[in-house]
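K.L.:
Given the structure of chain A, go ahead and fit chain B onto it with the hints provided.
There are 2 protein chains.
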Amino acid sequence: MRLLPDEPTIEEIDVFFNAKSVAIYGASATPNSVGQAILQNFIKPQYTGKVYAVNPKYTQVLGVPCFPSLQDIPDDIDLVVVAVPARIAPRVFEDIAQKGTKAAIVISGGFSETGSRGAELEDQIVRIGREHDIRIIGPNCVGVIDTHSHIDTFFLPEYRCGRPRASNVANISLVSQSGAFAAAISDWTSELGLGISKIISLGNKCDVDDDDLLRYLAQDDSTQVICFYTEGYDPGKGRSFFDTAKRVTPHKPVLVVKSGRGQRAKEAASSHTGSLAGSDRVVDAAYRQAGVIRADNFEQMFDMAKALAMQPPAKGNRVLMVTNGGGLGVMTTDALEALGLGIPHPSQDLQENLRKRLPAYCAVGNPIDVVGDTDASRYDIVFDEALKSDEYDIVVVGMLLQTPTLGMDVTNVIANHQRQSAIPFVVVAMGGAFTTKAGEIMELMGVPTYATGEKAALAAKALARYGEIKYGAEFRKSMRSDKP
Amino acid sequence: MRLLPDEPTIEEIDVFFNAKSVAIYGASATPNSVGQAILQNFIKPQYTGKVYAVNPKYTQVLGVPCFPSLQDIPDDIDLVVVAVPARIAPRVFEDIAQKGTKAAIVISGGFSETGSRGAELEDQIVRIGREHDIRIIGPNCVGVIDTHSHIDTFFLPEYRCGRPRASNVANISLVSQSGAFAAAISDWTSELGLGISKIISLGNKCDVDDDDLLRYLAQDDSTQVICFYTEGYDPGKGRSFFDTAKRVTPHKPVLVVKSGRGQRAKEAASSHTGSLAGSDRVVDAAYRQAGVIRADNFEQMFDMAKALAMQPPAKGNRVLMVTNGGGLGVMTTDALEALGLGIPHPSQDLQENLRKRLPAYCAVGNPIDVVGDTDASRYDIVFDEALKSDEYDIVVVGMLLQTPTLGMDVTNVIANHQRQSAIPFVVVAMGGAFTTKAGEIMELMGVPTYATGEKAALAAKALARYGEIKYGAEFRKSMRSDKP
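Protein sequence lines, in the order shown, are assigned to chains A and B.
Here our numbering is used: the first residue of the first sequence is 26, the next is one more, and so on.
Here our numbering is used: the first residue of the second sequence is 26, the next is one more, and so on.
Just so you know, these hints were derived from the structure itself, not from any lab.
Warning: the hint list may mix true and false statements.
Simulated pairs of lysine to any residue, SDA-like, Cα-Cα distance not exceeding 25 Å [as the list claims (entries may be wrong)]:
1. B:69 <-> A:57
2. B:462 <-> A:57
3. B:69 <-> A:218
4. A:381 <-> B:140
5. B:462 <-> A:218
6. B:69 <-> A:429
All of these numbers come straight from a predicted model, not from anything done at the bench.
Next comes chain A alone, as it looks inside the complex (with noise of 0.2 Å):
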């Protein structure tokens, strides 16, 4: 997929993800040290490309072989980690730029973020990087984390910080500002059972920056979702970023945490970044016209990206709820107006199809309510009746498996009904180990599934909004009564 061809970036940021050799440029053989801790994640078995130590001071470190300077190497290298100290990384960089290596990853702080002497060392570094076409992710970060090439720069200890893994259903992609939330999602996505392609922790961006991952991510195969956390962006930068979003929000959704909404968190992220972050209602209009979706927090970006991840955008946002417990559709039902979207009643026509085929004490307003003895079928009934009768455009289902006469089988029932008919579906299911287990499989299955009703609305929100960003004027947006 080429949403944005002819753009040069897209080679020289796939290195940074797909190198086949790497330097780490300040091996260690001190435990405990990053140089240390970033060799030891490429000696893993996982990486399959080739790895070198570069430090005057050893031969090998860990077993890798280690030389003085990367011209020293009798091989290519296609992205140097920089760990040593920012004083020296002007003269790392010319050896960088002597022996042809095109990116490189600055793991080491000490510069901008430190005061005007830490800034010139950073300008040498750019400008050396710039005359010899190297590409930097950095300074003052925790690099990079791929999950399928196994590049992996965080300088983190494993037991400790958690790395995510890669999912056959869909996969996210997250460029971070923070080096300490990459490391933090690193860890949670590990538990969340959140499918990730990339983690990339941008730092001081004093080359590679928001629009140029975006750029990238939109054409990368493995990356269903792009999320960015930012603080803000450098003067000038903002506008290539908003520029780029347009073009690709209609092939890819794009989500945004931004901090700094609030008066006290502004003067904060202020005194670290650009002009942008001035005014919130800025950004968020700028937002709003490229087509990014911002979420207020991690976790609502997580929810929202996990169905986009996996389902369809709606065409329209005309919500039917399907429970088997009358409280759930209450909330979920409070929640989803919430949200602005449509909760049409069904006709009178499908309220006489699922009242022939449905037991009597059924509720089939919106939610249809299957009720608490429930089994598969009747859910089985209510999306073939519902599904043909094109009056929705998200399905949301409530699946409540405290009781033993809903089988596992249901979640068979919404996976082949969401496949065969294409509309979107959202599954709620609250609990304990069981529904859990549950939620794995439908997952498995496409179908995101949430512990809560709010987070299922702001999940179908989500589908809505992208819709709209996607489809435009094709968009239904039928708020039409929701009488009968």
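P.N.:
For chain B alone, kept in the frame of chain A given last:
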């Protein structure tokens, strides 16, 4: 503790949770039947009272002696659990009256929720109950779980519907109008690690209602926070609930999720509840006046309840945030500000005291950033100085554990300062397995821990809100300028 002395209801209600002898009316030898599932709960070794089955068809069920009627049981019966068809219920109640038992949980459906014939049957059992001072929970409910006495009438198998546990730290009790939610929450909290004392499903509320349970739980020492899920109050019943709440809330926090905020949900709720469901704004005002804290959903309710159960209420709304990740500080501060909490900068004195003892690259604003390479000692310094200063009423601690430098001993540092200062603390720790374990340890020490800054901010808000309710005019509402 006797919050509401001279309440005749207290002893009457207590028997539902502390019955020493129970009869299961409608106990059955049929596998997967409701009458068998309930009996099974009572023959688990955890329940130490006496159990009898009542069913003319058998002389024993699952090894439990079975009698044709209550009269035939050669023992007093404290509590009868009724699981018979609705049409038989009046006869069963005659039997209960003759036996002199004063408490009955009617699990069966088929009463007022099904129409006028069922309503007549319900009227009959209520009439018999009134004449003979029998208190009734239900009908059409799943009844009661008590994690201390192990009374458990939930007829859902444990492999589907996990049961919650009591905690040694602090416990919540939940009263739910919906049986499906009661079950889903039992199951959910079994995995959530939230201490639960009691879950009560009220069903049709033909006798025992929200007000009775509020009076009872107010004086129950094993309940630190009282939670309600309510769809509406029967005519006249809302008033007494709010009157009682006004007396309870200065002594014990009361939280409520009331569905039917939106138009659509209101319609659904009105159809099966009373007049108060009509105007959400009236209900909202009544809750506020009574000091009841309203949550939008269960997730929010549990997040707030956990903090209120574990921590003292705040004496004012000045929050200090301490973090080892700048981004987490910004995000959490955003959320605190959005909730209307004060985030004052440290005074000049406090800033100087902190600067003397912390590395120069730490930020001593609010948030105070002890930076990614911190160990527990910097947190210790910050708490020491900040709590001495008397400038803050709540402390929110960001604890990102992905770095190996921050040891598990930080949990001790946090807990010790919390205990010594008696100022409420809330922790936010984003991450995976290691972080989850650290959060569990933190909570064993009594400090509630959350996965996101937004949840931690909501917990802080609940502690401030409850401080306002408890301390009234003494609550310091210091919205002073947050400039240093």
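K.L.:
Taken at face value, is the distance from the CA of residue 218 of chain A to the CA of residue 69 of chain B at most 25 Å?
P.N.:
violated, 35 Å
K.L.:
Is the Cα-Cα distance between residue 69 of chain B and residue 57 of chain A 25 Å or less?
P.N.:
Cα-Cα ~51 Å, so violated.
K.L.:
What's the verdict on residue 462 of chain B and residue 57 of chain A, does the C-alpha distance respect the 25 Å limit or exceed it?
P.N.:
Status holds; Cα separation ~22 Å.
K.L.:
When you check the alpha-carbon spacing of residue 381 of chain A and residue 140 of chain B, does it fall within 25 Å?
P.N.:
Holds. Residue 381 of chain A to residue 140 of chain B sits at ~21 Å (cutoff 25 Å).
K.L.:
Does residue 218 of chain A lie within 25 Å of residue 462 of chain B when you go C-alpha to C-alpha?
P.N.:
holds, 18 Å
K.L.:
Would you check the hint for residue 69 of chain B and residue 429 of chain A, treating anything up to 25 Å between C-alpha atoms as holding?
P.N.:
holds, 20 Å
In summary, the structure is inconsistent with hints 1 and 3 from the numbered list given earlier, while agreeing with the others.
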